[in-house]
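The whole structure should be built from the sequences, with the hints applied where relevant.
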Amino acid sequence: MTAHNSFVLQSSGLSMSFGAFKVLEDINLDVTQGEIVGVLGPNGAGKTTFMNLLTGAYRPTHGRVNLMGRDVTGLPTAKRCHAGLGRTHQVPRPFGGMTVFENVLVAARQGNVSHGGDPVQLAWRVLEQTGLADVANRLARTLGLLDRKRLELSRALATDPQVLLLDEIGGGLTLTEGDHLIELIQSIHGQGVTIIWIEHIMRMLLGSCTRLICMAGGQIIADGAPRDVIEAPVVQSAYFGVAA
Amino acid sequence: MTGLILNSVLLGGYYAILAVGLAFMYSVMKIINLAHGALIIFAAYGLHLLGAMDVPLYLSIALVGALMFGLGMGLHAAILSRASSGGALLPLLATFGLSILIDNLLFQVFGADNRSLAPLVGDLSWASFELPGNVFVGQLSLYILLAAIVIIAALEAVMRFTTLGRRIQATSQDRATASLLGINTARTAAIATGIALTTGVFAAAALGLRSAWAPYSGAAQLLFAFEVVVIGGVGSLWRVLVGAMVLAIAQSIGAAIHPQGFLIGGHLAFLMAVFFRLPTWRAAFAPIARKGVSA
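Protein sequence lines correspond, in order, to chains S and C.
First residue of the first sequence? That's 1 in our numbering, and the numbers climb one at a time after it.
First residue of the second sequence? That's 1 in our numbering, and the numbers climb one at a time after it.
Fair warning: there could be bad hints in the mix.
[To be verified] Here are some chain S residues the structure puts well away from chain C; computed CB gaps all over 10 Å: (1) 102; (2) 112; (3) 237.
[To be verified] Derived DEER-like restraints, expressed as beta-carbon distance ranges: (4) S:21 - C:279: 48 to 56 Å; (5) C:173 - S:133: 19 to 27 Å; (6) S:133 - C:82: 39 to 47 Å; (7) C:100 - S:171: 26 to 34 Å; (8) C:104 - S:42: 54 to 62 Å; (9) C:234 - S:179: 36 to 44 Å; (10) C:2 - S:172: 56 to 64 Å.
[To be verified] Under 10 Å between C-beta atoms, here's a sample of chain S residues computed to sit facing chain C: (11) 77; (12) 79; (13) 107; (14) 109; (15) 113; (16) 121; (17) 124; (18) 182.
None of these hints come from the bench; they were simulated from the model.
Bear in mind the structure is a predicted one, so any value in this text is a computation, not a measurement.
Even glycine gets a Cβ: it sits at the ideal position worked out from N, Cα and C.
Dropping the structure here:
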């Protein structure tokens, strides 16, 4: 995979309309290898739609998506996964009839096509990293919330992603559970995985992100160092509801 | 009495083989394939044609099986994948239309004559084993029952223990997530449709060997298959076997009560299954069922 530049993920002029309703307008975002980019914004800002455009669940009305220097705008989701893009859902969606191990094995077999290695070993390695090795043989539907979130992460990791999209993975967890999850995400980042992370829990974002963007009304209204973005008046008014 | 139960069980084997493709298609693709019966008849003509050319039956089954697999993949790509993205009703209408098309094409090509595959196997179509107590068991029926069990066991094993099976499970449960994990869901669904249609070849062989068919026989086969799936319920494919047995036993009891009660008996069992599945009835029966367990 030859990268034409140092950006692992690029969104250029990305726009999305459903009929006359513009959900996203001209989103430009260049993400460099090794970043953890936090994405915040009020409900309806277009954050999840943006992710769906990145994964290929929707086709954009305008604009392009580049992954590892390659234009993937026309590629289906599975091909983007093979090209190195992983994603977790806000509400975990395990395959209920399968065990935890089988869930991860499917991802290791089908998602990790270009990087080689034994899928069974890869699945075990991932489960040990995410702390699910002890419950590997349980049916996925019997897991509690934190473990379900870990399973979402495990499956995404088993596809050996270069870029990982996290959609509100911290929601619904207790403080301690959240801390466990942050530790895990930081260890994944430590392996060289670039992360883009939508989250409403400021504590989690500020503790981990190297960069923060704020979306509102289908546009990126602020982009920069986390503290600067939080303190920007435009973010204060759009997201925190403070009169500017 | 023993004879009646034995023959019901054997008939159940036939119904199971008839219904397994329909159940597989529904449990995996959430599509009720109303062309299931017509496709079985289509496969039966394929077997008949090859038989007329002196191709051994096992080879014909393999050849027509491969054809049906390809047809299933094509059918998914051309019709079912588009239809199923348009809601629950569209695949129903599309497969209903397909069944009419197949029925009439077959009539156009083969005419209205009844055909059978029985001549291909000589004695086997009427030979029987004699059990103690003057009970006779048809050999063919026994083989059909065994085939049904083997097919269901094989499909269950594929679904649970193979990579393909997990791919199919993942695709059937959550297409968006499956594709995020790198699964080519369109191809996987096409393969699953191919598998469902391939089982129709065994149904076609069973139908042709134990009796005869004509171009419009598909509707009757679909009805029995549908009743089996509803009585058995979805989930494990072994429920197909249970549903088939219940249908066959109900039909046999109906026939024992009145010479024309055969179909009525089966339909009554079907209706009872439908009523019992209605939420209001379930709620009404739940306390009784619980009492039964605790006592």
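Now the hints, each set against the structure:
Remark: the non-interface label on residue 102 of chain S conflicts with the geometry, its nearest Cβ contact in chain C lying 6 Å away (cut-off 10 Å). A Cβ of chain C approaches the Cβ of residue 112 of chain S within 10 Å, the least distance being about 7 Å, so the stated non-interface status is violated. For residue 237 of chain S, the condition that its CB be more than 10 Å from all CB atoms of chain C holds, with the nearest at approximately 35 Å. In this structure, residue 21 of chain S and residue 279 of chain C break the distance hint of 48 to 56 Å, their C-beta atoms being roughly 37 Å apart.
Taking the beta carbon of each, residue 173 of chain C and residue 133 of chain S are about 24 Å apart, inside 19 to 27 Å as hinted. Roughly 43 Å separates the CB atoms of residue 133 of chain S and residue 82 of chain C, a value that falls within the hinted 39 to 47 Å. At about 50 Å, the beta-carbon gap between residue 100 of chain C and residue 171 of chain S misses the expected band of 26 to 34 Å. Taking 54 to 62 Å as the suggested C-beta distance range, the pair residue 104 of chain C and residue 42 of chain S conforms, at roughly 58 Å.
The hinted window of 36 to 44 Å between residue 234 of chain C and residue 179 of chain S holds, with their beta carbons roughly 42 Å apart. For the pair residue 2 of chain C and residue 172 of chain S, the supplied restraint of 56 to 64 Å holds, since their beta-carbon distance comes to about 60 Å. This hint holds: residue 77 of chain S has a C-beta 4 Å from the nearest C-beta of chain C, less than the 10 Å allowed. Because the smallest distance between the Cβ of residue 79 of chain S and any Cβ of chain C comes to about 8 Å, under 10 Å, the interface hint for this residue holds.
With a cut of 10 Å, the hint placing residue 107 of chain S at the interface with chain C holds, because the nearest CB-to-CB distance is about 4 Å. Nearest Cβ of chain C to the Cβ of residue 109 of chain S: about 6 Å, under the 10 Å cut. The hint holds. Contact between residue 113 of chain S and chain C, as hinted, is supported at the beta carbon level, the nearest pair being about 7 Å apart and thus within 10 Å. Taking 10 Å as the C-beta cut-off, the interface hint given for residue 121 of chain S is violated, the closest approach to chain C being about 15 Å.
Restraint check, residue 124 of chain S versus chain C: the minimum CB separation of about 16 Å is more than 10 Å; hint violated. Interface hint at residue 182 of chain S: violated, since its Cβ lies 23 Å from the closest Cβ of chain C, which is beyond the 10 Å cut-off.
Hint check: violations occur at hints 1, 2, 4, 7, 16, 17, 18; the rest are consistent with the structure.
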